[in-house]
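So the chains spell out like this:
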Amino acid sequence: MPPMITIVFEAVPQLSALSAPPLPNARDLGIRLGRELIDLQFCLEKNLLPPDARAPLTIEAGGRGRREDETAESREGVFEEAVVGVARDHGVPGDGGLDGGVAEGEDDGGEVTEAGVKVEKLGDEEGVAGTSGDEEEGVEPWRDLRSFACEAGAAGNSCIKDLSLGCVLFVVPVLTKLEVESKVQEKNFRCCGAMTYFPDEVVEHIFDFLSSHRDRNNVSTVCKAWYLVEQLSRLRVFVGNCYAVRPERVMARFPGMKCLTVKGKPHFADFNLVPHDWGGDALPWIETAARCCPGLEELRLKRMVVSDESLELLARAFPNFKSLVLISCEGFSTDGLAEIATHCRQIKTMESRSTDIPFINTILNSSYYGYASYIDPSVKVMDYMGVLALYLILGPNYYHISHVILLSVTRGLRELDLQENEVEDHGRQWLSCFPDSCTSLVSLNFACLKGEVNTSALERLVARCQNLRCLKLNRAISIESLIKILARAPNLVELGTGSFTADHRTEAYQNLLNAFYKCNSIRNLSGFWDAAPRCLQAIYSICSSLTVLNLSYAPAIQVNDLIKMIRHCFKLQKLWVLDSIGDKGLAAVACACKELQELRVFPSDVYGTGIAAVTEEGLVAISSGCPKLNSLLYFCHQMTNAALITVAKNCPHFTRFRLCILDPVKPDPISNEPLDEGFGAIVKSCKDLKRLSLSGLLTDKVFLYIGMYASRLEMLSIAFAGESDKGMVYVLNGCKNLKKLEIRDSPFGDAALLENVGKYETMRSLWMSSCDVTQGGCKALAAKMPRLNVEVINEREESDEMVENPSDMHRVEKMYVYRTLTGPRDDAPDFVWTF
Amino acid sequence: MELELGLALPSSDLMMEKSTFCKKRRFDEVLDENTVTLPLFMQREEDSDSDRGFERSSEELNFGGGRVIVGWPPVKLSRRRTSCVKVNMEGIAIGRKVDLSLHDSYQALFLTLYTMFPKKQHEEEDGGYNSYKVTYEDEEGDWMLVGDVPWEAFIKSAKRLKIITC
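Line order of the protein sequences matches chains B and R.
Counting from 1, one number per residue, gives the positions in the first sequence under this note's numbering.
Counting from 1, one number per residue, gives the positions in the second sequence under this note's numbering.
Worth double-checking, as some hints may not be accurate.
Claimed, not checked - Result set (BS3-like, lysine-lysine): computed pairs, CA atoms no more than 27 Å apart in a straight line:
| no. | chain 1 | residue 1 | chain 2 | residue 2 |
| --- | --- | --- | --- | --- |
| 1 | R | Lys76 | R | Lys159 |
| 2 | R | Lys86 | R | Lys97 |
| 3 | B | Lys302 | R | Lys76 |
| 4 | B | Lys450 | R | Lys133 |
| 5 | R | Lys76 | B | Lys740 |
| 6 | B | Lys574 | R | Lys86 |
| 7 | R | Lys156 | B | Lys584 |
| 8 | B | Lys450 | R | Lys156 |
| 9 | B | Lys687 | B | Lys726 |
| 10 | B | Lys690 | B | Lys726 |
| 11 | B | Lys736 | B | Lys690 |
| 12 | B | Lys450 | R | Lys159 |
| 13 | B | Lys628 | R | Lys97 |
| 14 | R | Lys156 | B | Lys564 |
| 15 | R | Lys156 | R | Lys97 |
| 16 | R | Lys97 | B | Lys450 |
| 17 | B | Lys739 | R | Lys97 |
| 18 | B | Lys574 | B | Lys594 |
| 19 | B | Lys450 | R | Lys162 |
Note that these hints are calculated values from the structure, not bench results.
Extracted from the complex, chain B is given alone in its bound form (with noise of 0.2 Å):
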C-alpha cells in the first residue's frame, strides 16, 4: 500500500450570494486547488497563486468538530472558500476510518476557535512551523492558504508536496451549477428582454454542435445572451497570429479553455525569410494560461519560440495536460522535455451533489481500484482512481455540504507530437525521464529529434502504455530497436519508422518482416530516413492498409522498388514523395491508389543540376487517375498551360493547389507562354480552392482570373509573378474571403498597397518582401488604418542606411501588416519598426 496522504476539507455552510459574479464550478476549483497542492512550492515561486487565495485552515486530525455559531461575518465572502486541513496518515482505508483518528484527536484539547471550529494544531512531530506560538491555546488562527504553504513547504512537509501517491478530497461549498446557470440566465433576461426562448443550457447544448471556430465567432455575435453562453462554453480555442490579441484578453473571455491553439511567425519563416529573433513567444500565453486557465489540457503551438522555462511552467502548472502538439516551433532543448516527461500528471476527479454519511462509507469501504458502480449518473466521472481513506469532522446535524469532489492525482500526458521543430539536444536522456508509473501515452512524435534516446528507456515506455496508437522514432532509432518496438506495440495506428536502414539480406531485416506482419493497425507510415533500396519488401504485409505513407525523406529508395509496392497501396489516401519518383512512378500511382486526396511530391535534388524529376505529364496523369484529389504539393521542373488546363477538368475538387515550378519565372516550355491561362483554368474549375501558391512566369493577367474566379480562396503566396500593381489590386478587390496573402520578388508598390486598405483589416495578415513598397507607403497605410500593425523587417545594410537618410522613398524589404487590437506590440526586436 502506497503511503496515504489524507486531507480534509471542512465544509461551511452555504451562502447565498446574489452579487457574486458566476463561479467557477466545483471541479475548476477543485482543479485549481489540487494544482496548487501539488506543488505549492512551484506555484509560490512561479506567483500563480491569485492574490486572493484566502482559505480558512482548520488542522484537523479527524475528530468532530462543530460549528456552533455561524455569524453573518462567517458566512459573508465564505462563499468560494475550501477549507484545508492536514492530518497525518492513520492507517488504512475501510479500517474504521471514521473513528480510526479520532481516539487520537480528541485528546489534545483543541478548543473551539472564533469561528466555531475546533482545530487541532499539527503535530509537532511533522515540524510544521509557526504553530509554536499558539501552542498554549491550541487554537489555530484562520490563515491564508498561502502562508500555510509557506510553513508546509519550508518543513519539507512531503505530505503536501508531494502527491503524486495520494488523495485529495476537497468539500466546497459551492453553488450547484445550475443555481449558478440560472444567475446567468437571470442576468441574461434582463439584459435580452424576451430573446431568450430556451434555457441557457438548451443554447449550449446546440452549440455543442458547432466545432468551428468561425461558426462559434459568428454565433456570439448575433445577441449578447448567445455571447455570454457561447463564451462560458468554448472549450477549444483557436488564435491563428499571436500578436493580434493578448493571452489576457483571450482567456477573460474564454474562462472554460481547455485546449489552445496559437499560432506565431508568418509562414514565410519556413523559408529563412524571417530574422531569427522576430518574436512569437509562447511564454506570455502560457503564463496566463497558468494564472487563468489552469484548467488546460492542450496546447498546440505553430512556428512559436517555445522556452524550456516555458516548458516546465507548462509542466507544473497544469494539472489536467494531456496533450502538447509544437509545429515548426524553436527555443527549446531536450532539458524542457525532460520537465515535460517529468512533471506531466493529471488529475481526474470525481464530483458528486449529494453527500451523506453512507456515501462515505462506501467510498471507505470500496476497493482501492474502481468505484463506478455508486456513482450518481447525473454526476461526471472521470476515471475515478481510488481513494486512500478518509477522515470526517462532520456531524450530520451541523454541516451541510453541497459538494464533494475527489481528486486523485496520477501521472497522465496523453500525447507529446513534436513536428519539425529545432531541438538543441543537451544530451539529456528525457525519455527515461516519464515515470514508470506514466502509461497513459496515446501519441509519441519525436521524429524531428536529432539526438540519441535511451532506446530501453523507449522500449518499456512503448510496453507499459497499452493505449499508444501514434508512435513516431526519429532517425537514431535503429531497426533492432524498431523490432522490439514493434513487438511490445502490435496496435500502433501509426509508425514513423527510424532510420530503416536495413540490409534485406540480413536476418534482422527477416525479423522486421515479422514484426510488420503482426502489426495489422498500422494504418500510416512515415520515416524511412535512410531506407535502402528493397527494403520496402518488409512492409508489403500492411500495405493494403495503408491511408497515408511519407516516403519523403528516403533519397535512397529507388523508383522500381517504389512502384512494386505502390501497387498493394489501393487504400492510399495521402502520398508524400520525392521527385525521385518520376513520371513513371507517379503514373503508377494514379493506375493503383484510386483513394488518393493528397500529394506532395518534394525536390529531392535541391541544387537544381538540371536532372528533370517530374513534369507536368506526372501531374496530368495523376489527375486523370485519382479524381479524389484535392490537395496538391507539386515541386517541378516545368508546366504547361495545357496541362493545368485537363488537371482543372480532372480535378475540380482542389481545395489546395500548390505549384512549385523550380525555376521560377519559367515560362509554359512548349508555347513559351506565360502560365496564366493554367493557373486561370484551375480557379475557375475549382469553386472551393481555399490555398493557391503560384510559380513560373506570371504576368497580371493570372491575378485578374484570381480576384475573378477564386471567391473561396482564403490563403496566395506569389513568387517572382506579375508586372504591374494591377495584380495586387486585382486580388485585394476580387478575392472576398482571403485572410493570408504573401508575396515575394513582384513589382507591386505602394499604389496596390494603398489602394484597398480597408481589406487588411478582414485579412489576417498581409507579406511583402522585395517588392515595390517604400517606406512612406507604409506610413500612409498606417495612418490610415490604426488597426493594423505595418512592421517594417529592417536587415542591418538597411537600416543603417534609413538611419542616415530616412526617405520615404526608400525601398522596405520586407513588410508585415496584420490586424490587431493590440497596437504595436511590445517585444518588437531592433530591428523592427512598426510605424
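Starting from the known structure of chain B, fit chain R onto it as the hints suggest.
Below, chain R without anything else, positioned relative to chain B:
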C-alpha cells in the same frame, strides 16, 4: 553578376546560360542589379560574429546552376539535406565548412581546400602539399582516404573532412 561566397569556386558555364527568359522580368532584375541582391548575400558573409553565418549560406540554394536566391525553392529547413561538411586541419584549431554540392569533382574540392588552408597558415614548408592527405568520415564512422570512390558516392557518404600530415 558573379557570386562570391568564399566557399567554392565560381561554378562554370551553367551560370551564363540562364538567359532564356522571354521577357525582362522582375526576376531578371533580381539577378542583375547589385542593389537588390547584394544586401541579402552580403549579410550572410558579414555575419561572421554569428556562428550561423556559414550554415546560412548553405541554405541559399541554387537552382539551374549558380544563381542563389534566399529562401528558394520554398522548402523547409528539415528537408534541405545540407551538403556542407566540416573541414579540420591537423594542428589548426579553427575549422571550416565546405559545401560539397558546389563542386563537381575531387579536383574542384581540393582546390577549394587549398584556398581555405593556405600554406602560410601552417609552418610546414617542405614537400608542398604532397605531405598532406585529405581524409573523410563516412556514414559508418570510418575514416577513409578521399579519392577512392566515385565523386557522387563520395558526396553522399562523407560526413566530415580532415586534412592530416602523412
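Evaluation of the provided hints:
no., hint, result
1, R:Lys76 <-> R:Lys159, "21 Å, holds"
2, R:Lys86 <-> R:Lys97, "4 Å, holds"
3, B:Lys302 <-> R:Lys76, "14 Å, holds"
4, B:Lys450 <-> R:Lys133, "31 Å, violated"
5, R:Lys76 <-> B:Lys740, "19 Å, holds"
6, B:Lys574 <-> R:Lys86, "37 Å, violated"
7, R:Lys156 <-> B:Lys584, "25 Å, holds"
8, B:Lys450 <-> R:Lys156, "19 Å, holds"
9, B:Lys687 <-> B:Lys726, "23 Å, holds"
10, B:Lys690 <-> B:Lys726, "22 Å, holds"
11, B:Lys736 <-> B:Lys690, "12 Å, holds"
12, B:Lys450 <-> R:Lys159, "15 Å, holds"
13, B:Lys628 <-> R:Lys97, "47 Å, violated"
14, R:Lys156 <-> B:Lys564, "25 Å, holds"
15, R:Lys156 <-> R:Lys97, "16 Å, holds"
16, R:Lys97 <-> B:Lys450, "20 Å, holds"
17, B:Lys739 <-> R:Lys97, "42 Å, violated"
18, B:Lys574 <-> B:Lys594, "11 Å, holds"
19, B:Lys450 <-> R:Lys162, "23 Å, holds"
In summary, the numbered hints that this structure violates are 4, 6, 13 and 17.
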